[in-house]
Amino acid sequence: MASTDTTTTNAPAEGSVEAGLDALETTQSSRTPLRRTLVDKVLPPLAAIVVVLVVWQGLITLKIVDDPTKLPTPGAVWGAFREDWLQGKLLGYIWTSVSRGLLGFCLALLIGTPLGLLVARVRFVRAAIGPILSGLQSLPSVAWVPPAVIWLGLDNSMMYTVILLGAVPSIANGLVSGVDQVPPLFLRAGRTLGATGVKGTWHITLPAALPGYVAGMKQGWAFSWRSLMAAEIIASFPDLGTGLGQLLENARTASDMAMVFEAILLILFVGIAIDLLIFSPLERWVLRSRGLLVKG
Amino acid sequence: MATTLAKAARSVEYAARLEHVSKSFATPGGSQLVLDDISLDVAPGEFVTLLGASGCGKSTLLNLVAGLDEPTAGTIRTDGRPALMFQDHALFPWLTAGKNIELALRLRGVPRAERRGKAEELLELVRLGGAHGKRVHELSGGMRQRVAMARALAQESRLLLMDEPFAALDAITRDVLHDELTRIWQETGLSVLFVTHNVREAVRLAQRVVLLSSRPGRVAREWEVGLPQPRRIEDAPVAELSLEITEVLRGEIRRHGQH
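These protein sequence lines are chains A and B, in that order. Under the working numbering, think of the first position of the first sequence as 1, with each following residue one higher. Under the working numbering, think of the first position of the second sequence as 297, with each following residue one higher.
Worth flagging that the hints you see were computed from the coordinates, not collected in a lab. Treat each hint with caution, since some may be false.
[Said to hold, decoys possible] Among chain A residues calculated to face chain B with C-beta under 7 Å, some are:
#1 G15
#2 E25
#3 T26
#4 Q57
#5 D66
#6 D67
#7 L185
#8 R188
#9 A189
#10 L193
#11 G194
#12 A195
#13 P207
#14 R290
#15 G291
[Said to hold, decoys possible] Which chain A residues stay away from chain B? Per the calculated CB distances, all over 12 Å, these:
#16 S134
#17 W151
#18 V270
[To be verified] Here are the computed lysine to aspartate or glutamate pairs in the DMTMM-like style, where the Cα-Cα straight-line distance is at most 20 Å:
#19 K430(B) - D22(A)
#20 K70(A) - D180(A)
#21 K70(A) - D256(A)
#22 K395(B) - E420(B)
#23 K395(B) - E416(B)
#24 K430(B) - E18(A)
#25 K414(B) - E483(B)
#26 K218(A) - D256(A)
#27 K430(B) - D256(A)
Just so we're clear, the structure is a prediction, and the values are computed from it rather than from any experiment. Ideal Cβ placement from N, Cα and C applies to all residues, glycine included.
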């Protein structure tokens with residue numbers, strides 16, 4: 001250390017330049033304040049809903065449509081909601097469908113995940129069923145209802161089958177595209193760290209593929225929900241318990257237009273609510289933790 | 297008996313030994329020779345820079361030493377599995393800075409209870425104490441390369457391979473990281489094989505500079521850098537030797553325009 005004397009004169013404190021650079025170059029990320037979230041995210045959709053209600057009521061008040069069996073008033077639809085709520089049936093309808101949908105989705109996850117991994121990693125499997133799997137995504141899952149009824153009869157297993165056929169391809173395809181998009185650099189870095197084989201899949205490939213996988217899950221849920229509603233409408237049977245699809249079908253048979261609207265709105269809101277409560281936060285969390293979510 | 301054997305194997309006189317290594321890649325027009333008959337030793341604790349223009353196969357050579365690819369001919373022996381640092385930090389964005397290091401420790405078989413403490417120590421070593429919970433995207437380019445260095449050090453390899461790790465950084469940050477790398481190299485006694493196309497960087501850091509010719513890559517010349525560390529990139533002797541090496545490098549490049 002003969003050079004100590006010369007270095008101490010031009011280096012006041014070791015690492016201080018570095019500390020300065022670090023401070024200058026680090027970006028502070030902060031959360032948006034609640035008030036701005038309300039103004040930017042909550043207010044616009046609320047305004048849109050109000051506009052729709054005003055136009056709807058206007059159509060009836062101005063007698064542009066004056067047949068209540070074609071278009072009920074917003075008040076009548078509200079009355080249908082209220083009545084089901086007071087009779088304690090509303091939550092029952094929702095729960096019947098949501099529990100079916102979520103259970104079917106979880107099953108689809110259990111099947112779609114290993115299937116996706118297999119297609120992504122085994123060349124022969126990819127060549128064999130890859131194209132079919134992505135083709136199945138464009139087949140409307142309603143098409144599976146008639147064969148499922150014939151194979152399994154009118155029971156819950158038929159519903160789950162239809163959900164699976166709708167959601168499994170989405171989930172598997174999401175995982176496949178997630179794995180395909182893993183930067184090769186991560187795999188090389190992983191290999192030099194000793195992550196090969198199963199360790200490589202678990203520590204590197206799967207976490208790196210998570211954004212694509214979550215996108216597939218999100219789409220898988222949308223497909224699950226749609227197929228389930230189709231199955232409930234087509235195969236409505238009293239013993240199965242009344243879900244939202246059956247509610248809609250019952251309303252149609254009774255020619256109760258207020259109830260038809262009630263059922264449609266419930267199907268819409270439940271689908272959106274599950275997405276907003278589960279999948280969107282999951283997706284945001286995955287993207288934000290990787291710095292991939294750019295604030296607009 | 298087993299222990300003496302192990303000891304004999306332990307006291308190797310090289311961190312990496314390349315003997316007559318060649319590498320060719322298959323191309324549509326036949327096979328292309330990228331590396332031709334390269335023999336090179338890196339002694340334990342030695343800092344060697346591999347210098348060359350583009351197309352000299354520096355990165356290919358490093359991949360071979362890292363075991364990510366196989367040579368077409370010749371043998372490569374290393375003292376244990378080497379650690380590798382890339383030009384891009386290659387940190388995993390789904391993990392925090394500290395967890396990136398802990399993953400390296402975990403893959404090396406370090407028990408869970410010790411990982412956190414070791415990761416903190418390594419972060420201290422690269423002067424990033426307190427950055428354990430930081431996400432990769434929250435760090436600056438220089439900080440990311442230091443975390444990557446800490447992750448490479450976590451492998452406790454005796455040889456650190458570096459593939460132009462500072463090429464994408466600004467001059468001031470690069471300067472600081474040169475100082476850090478020199479300090480860490482001196483503190484840990486690692487062997488380093490550092491690839492770059494920056495002559496001054498090569499001279500600033502190394503004990504020995506190896507110049508590769510291009511297409512195919514061959515060892516063109518070697519220089520021993522007898523200057524004491526810590527050096528600065530602006531030092532007159534560094535500049536002088538850089539000038540000499542640059543002239544030879546230019547001569548190598550010129551040959552390619554002549555036919």
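Outcome of the hint check:
no. : hint              : verdict
1   : G15               : holds (5 Å)
2   : E25               : holds (3 Å)
3   : T26               : holds (6 Å)
4   : Q57               : violated (49 Å)
5   : D66               : violated (59 Å)
6   : D67               : violated (57 Å)
7   : L185              : holds (5 Å)
8   : R188              : holds (6 Å)
9   : A189              : holds (4 Å)
10  : L193              : holds (5 Å)
11  : G194              : holds (4 Å)
12  : A195              : holds (6 Å)
13  : P207              : holds (4 Å)
14  : R290              : holds (4 Å)
15  : G291              : holds (3 Å)
16  : S134              : holds (26 Å)
17  : W151              : holds (41 Å)
18  : V270              : holds (31 Å)
19  : K430(B) - D22(A)  : holds (13 Å)
20  : K70(A) - D180(A)  : violated (50 Å)
21  : K70(A) - D256(A)  : holds (10 Å)
22  : K395(B) - E420(B) : holds (15 Å)
23  : K395(B) - E416(B) : holds (10 Å)
24  : K430(B) - E18(A)  : holds (17 Å)
25  : K414(B) - E483(B) : holds (16 Å)
26  : K218(A) - D256(A) : violated (33 Å)
27  : K430(B) - D256(A) : violated (58 Å)
Hint compliance for this structure: hints 4, 5, 6, 20, 26 and 27 are not met, and every other hint is.
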